[in-house]
Every structure is written in structure tokens, then in C-alpha cells.
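Q: Quick mapping for you: the protein sequence lines, in order, are chains A and B.
Going left to right, the first sequence walks through residues 1 to 399 as the numbering used here numbers them.
Going left to right, the second sequence walks through residues 1 to 250 as the numbering used here numbers them.
Heads up, a few of these hints could be off.
[Said to hold, decoys possible] Below, a list of computed lysine-lysine pairs in the BS3-like style, where the Cα atoms sit at most 27 Å apart:
#1 B:Lys-141 to A:Lys-308
#2 A:Lys-308 to A:Lys-285
#3 A:Lys-285 to B:Lys-230
#4 A:Lys-285 to B:Lys-75
#5 B:Lys-98 to A:Lys-285
If you are wondering where the hints come from, they were derived from the structure by calculation, not from laboratory data.
Take a look at the letters that make up each chain.
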Amino acid sequence: MKKFRKIFEKFIEGVLFSSSTITSLTVILIIVFLFREGIGLFQSSPLEKNFVITVSKQNPVQELDATQVKAIFNQDITNWSKVGGANDSIILFTTSDIATYYTEEEIGANFEFLPKKLNDFIVSHPGAIMYVSGKSLPPGFNGHKIKVKDITVSNFIFGKQWYPTSDPIPSFGIWPMIIGTLMVTLGALLFAIPLGIATAIFMAEVADIRIRNILKPVVELLSGIPSVVFGFFGLIVIVPLIQQMFHLIVGETVLAGSLVLGIMALPTIITITEDSLRTTPQALKEASLALGATRWQTLVRVVIPYAKSGISTAIILGIGRAIGETMAVLMVTGNASNIPHSFLVPTRTIPATIAAELGEAPYGGLHFKALFALGIVLFLFTIIINFTVEFIKNSKQRT
Amino acid sequence: MIQAEAKNINVWYGDFHALKDISMTFEPNTVTALIGPSGCGKSTFLRLFNRMNDLISNFRLEGLITVDGQNIYSKEAKIDEIRKGIGMVFQKPNPFPKSIFENVAYGLRVNGINDRKTIQETVERSLRQAALWDEVKDDLKKSAMSISGGQQQRLCIARALAVQPRLILMDEPASALDPISTAKIEELIFELKKSYTILIVTHNLQQAGRISDYTGFFYLGDMVEHDLTKKIFLNPSNERTQNYITGRFG
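Work out the full structure: start from the sequences and follow the hints.
A: Listed below in C-alpha cells is the structure:
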């Protein structure tokens, strides 16, 4: 009997151990996966796989960065001298241009003469820049490949354009999304913090027990509503309201996102603030009252200072909730990837971008990796938030 | 002369009849100990004098409580003003998580006194009265949580003294302290008696015998006997008091 119990205890111990191991392994795996996919973006050329950019052998230009290539193909730069070459105008050539220069017979029914024609073109047009498949270039091709600089962390983060699928070079600049995310979050907090804290104070200190017993479950219910429903509510109610109030062409704005997120962050802020206000010992409140302080003075001078770290935690967790929220924001912010200069323009947040685009991004491609890199940025945001919470909690324990 | 008086007091918590028709008077510059077994109503009675029981939602009072002739439960009485004039020291030391100085200054600040000099003088005077000044005068900015439990309790007394109360209520002020701190508190009570009227609830009969002039014995909501402490301890007129004092129950 005793032996059986010992085996049973060992078994339970094993179950507990393996559960915690599985949990931690899962977390680590997710992080590793996120970083492995995301970091890949920064070691690869921004060109599509197998495609190359070539110029004539005589052309001295060896290397271009992504913005220069973009400017050339957008015809913002039309002369080689601007990018360190000779004073010669740039002739653009992509695979689709082949038909303008050569007839179908010349290329051949199965493109069998294409490599030769490409060579002919580069010989006859020394100022040409070609964006073609590397496989279609013949051996002994009379040109050299242009090295396009890899995507760097700084132009990923501070880049202002997000054109993940444009030819020949996509742009992966997430600055507008970072700003958009922060603005939506900030707006949400401007609205949710005062409202949330006021509600929490009301519930903890002012309301009589019956009102509190109604309010508390209502607030908790709010946190149980799926985010899609919030988004739906935002789209049907808040967006048209904003459109009418400010006479906008579109109501899907930063403000709409902020309001929806604010509502979603409210339960977190209210619940945690209220709990921390309630942890103020009755003895301290009585001490204050016994000295002739009014209920309001006691609240401001004793209860709130005592709950300060709890209130900070509530705010930061509210930020965490707001910053990572996807669906509702995706539905109400309009998803325009430009830097919002006011609260009344559309924007797009990091999580919304990932959710909206991951389905269209080919697996393993640059776009795919860029979305994972976005995930890393978001992950870093939340890590910072979590560390701040830990820091505040620890600093409370010290005093 | 009478400093404080309770007249035909009945208290209910919901249906529970906590205090039954109690009348007592307290003379100035005396210490009155309220003794009795747990749940006898002595703390409830004490807390009537600064209206602390008002915080309890189903509390109900009948009868008259006066301090310095003023009916503190009258409609015109302002609860904050009344509490300001009556100091209270609680069972467990409960300093605010602020500096030592700010703890003592709290009562002044909430009552609208902001003059720096007045505050400083009052803090020093109160800490001296509470026999704590010499121990903390160099650490006034230190957190009140960093001093010992006994010092914290004396700080709480200083805090109560700062608003110059007419009456001081003590709810088992030494029950959470070590013997040496307890002795200091008792000495302090003896000193304070010269300037204040003190009501003290205690579980410790020896303590009641040492420090009080009068003793009231409470039992199950009744005030069984109220007399000079000497009389209560040496020659109680009621049998229940006799049994409690001699340790036969309680």
C-alpha cells in the first residue's frame, strides 16, 4: 500500500514536471520561430527570388540601395550621373517591355531566343537597366548584375513606405505603423485611464454595496466580449458617428480605433485599479478618518497613494491590451499605411497589418518575413511593458 | 465636572443588540479602562465616541453621547469636526506609508493648516509628548514603516495628539507589542493623563490595574460595573465582575 502511494506520488510529480516543461518549451519555441522567420528579412536582398537587376558591362555602377532602385524604376531618377555613373540617361527594361522592342517571331514561340535578344538589347542600349529573371540571361551576357543592398534594421523601422509587393523592389518601412499603433494606443489610454480609474474609485469607495454588486459583473462581462464584436460595434456605431461629427469623408480613423480600444482596455484598468484600491487596509482609512479627514481627503491622501503601484500596473496592462489588439482595430481604423498627423485620419497598426496581410504573403518570401519582423517589433513592445510592470511591482515590495 | 458622557446607549448591528442601555460618565484627566471578554461590546462602545461605528452599514444607535457637553450625534454635528477633536489609537500600529514627519503632520494638513512653522512646532511637540522625539528627531524624513512596532505605536499616539484632542480613545494599544514597548506605552499613558482624558480598551487586566483610575466591566453587551479601579479589582460588588477578575471565565 505504501509502495503504491510512493509510485503514485512520483507519477503526479512527473505529470506536474512535464506540464511545466511543455509550457515553457512552447513559449520558447514560439519566440525562436518568430525571431528565425523575422530576422531573415535583414539578411536577404530585397529583390524577388531569381530575379536580377543588370546593366551594361561598360556601366561603372556596381551597387545601388533599395531607394535608388525604386527611384529609377519610378522614373524619379533618369540619369546615371545621379547614382554615381556616367552622364547618360537611364533606359528602363523589364520583362514585360520585351514586346515593345521585339516581335513575337524574333523572341520565338517558346521564348527560345529571349536570352539572345536580352543580350542584344544591353549591347545596343548601354544606358539600360534591366529587371529580368536571372535564368533568362545567356552565358557570356554582356552586362553585370547590380548588387542591391540588403534591407537594414534602420530602414525597416524608420522607413516611411510600406509597399510589400511592388516591383522591382518592395518597401518595408514600418514607421507609419509604429506611429499608428502608438497613436491609437495613446488615444485609447487618454480616454480609458480617466474613465477607468474614476469608475474603479466609484466602485471601491463611493458606491454602496448593491450598486457595486451590479457594476462589477457588468465590467467583467465587458472583458469577455470577443474583440470582433467590439470591432463590429465600432464599425456600425462609432465610425459613422465620427464621420458625421467631424464631417469626414471616411469615419475609419485613429479616433475610432482609440475609442474601440479604450472600451476594450476599460475592464483591465477598472478591475485591477479597484482591486488595488480595496487592498488599502481598513486600519489606514480609519486612522485618517479618526484624525478628522473627510472621506474625500482620505481617498486622495491615503487610499490612492497606497494603491499607486496597483494603479500603474493597471494602466500598463491596459496599454498591453490595447497595443496588441488586432481584430477590432483592423475593422475600424481604415488600414492606410501613412503616418497619421491627426486623430481624424485613417491609419494602420502593427497587429492589424499582420492579420490583414499574412494570408496573401507567399510562405518564406520577403513579405512573409517582413510580417514576422513586425511581429518581433510588437513582441518587443509587450516585453517592455511586462518588464515595466515587474519593475513597478518590485519597487513596491522594497518600500 | 464631566468630560464625556454616554446616556442610555443602545446599539444594534442589524438584529444583534450589541450594547444594552449603557450609561457612563468620564471625568477630565482620568484614565478609564474598559474590560471584558471578547465580543462584550467594549470596542463598540469606545468607537461610539468618534463615530467610527458609522462606517458599518447596519449600525444603529439610540441614546445620547456628549463630549464637552456637545451632542456628537446631533444633526448639526459635523462628523469630521467631531473626529478631529477626539484622538484614536488603534490595536495594531497603523502609521501611513509616509515619512515620520508627514504622519504627525497629517491631521493638521487635512484640517487646512499649511503654515510651515506651525506644523513643524506641532510635530515636535507631539513627538515629545509621545516620548518619541529623542529616538527619531534625526530621521523625521524616514519612512514610518522603517521604525519598530513600539515606536510606530507611539508615532500613532503622536499623530493623534497633533490635533489637540479633547479625548483620547485607545483600542488595545499595546496588545500587538512586546513587553518593553508595552511598558513604554503605559508610562506614556500615565504622562498623558495630565493633559488628556483617556478611554482605553484592554484585554490585559494587570494593565488595566496599573494604568487606570476607573474601570468599566462589560459583559455580553451589558455594562456590569463601573467604579474606581481599586474597588473593581479588590472588592467588586457584582459576582460576574468578581468571576472575571479572578479568572474564572473570560
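Q: A separate judgement is required for each hint: does it hold in the structure or not?
A: Against the structure, the hints come out as follows:
1. Among the hinted pairs, Lys-141 of chain B with Lys-308 of chain A is consistent with the structure: their alpha-carbon atoms are about 20 Å apart, no more than 27 Å.
2. This hinted pair checks out: Lys-308 of chain A and Lys-285 of chain A have alpha carbons roughly 15 Å apart, not beyond 27 Å.
3. Between Lys-285 of chain A and Lys-230 of chain B, the direct Cα distance comes to roughly 37 Å. Violation of the 27 Å bound is thereby established for this hinted pair.
4. Between Lys-285 of chain A and Lys-75 of chain B the CA atoms are separated by roughly 24 Å; this keeps the pair inside 27 Å, and the hint holds.
5. Restraint check for Lys-98 of chain B and Lys-285 of chain A: satisfied, since their Cα atoms lie roughly 14 Å apart, inside the 27 Å limit.
Comparing the model with each earlier hint shows a violation of hint 3 alone; every other hint is respected.
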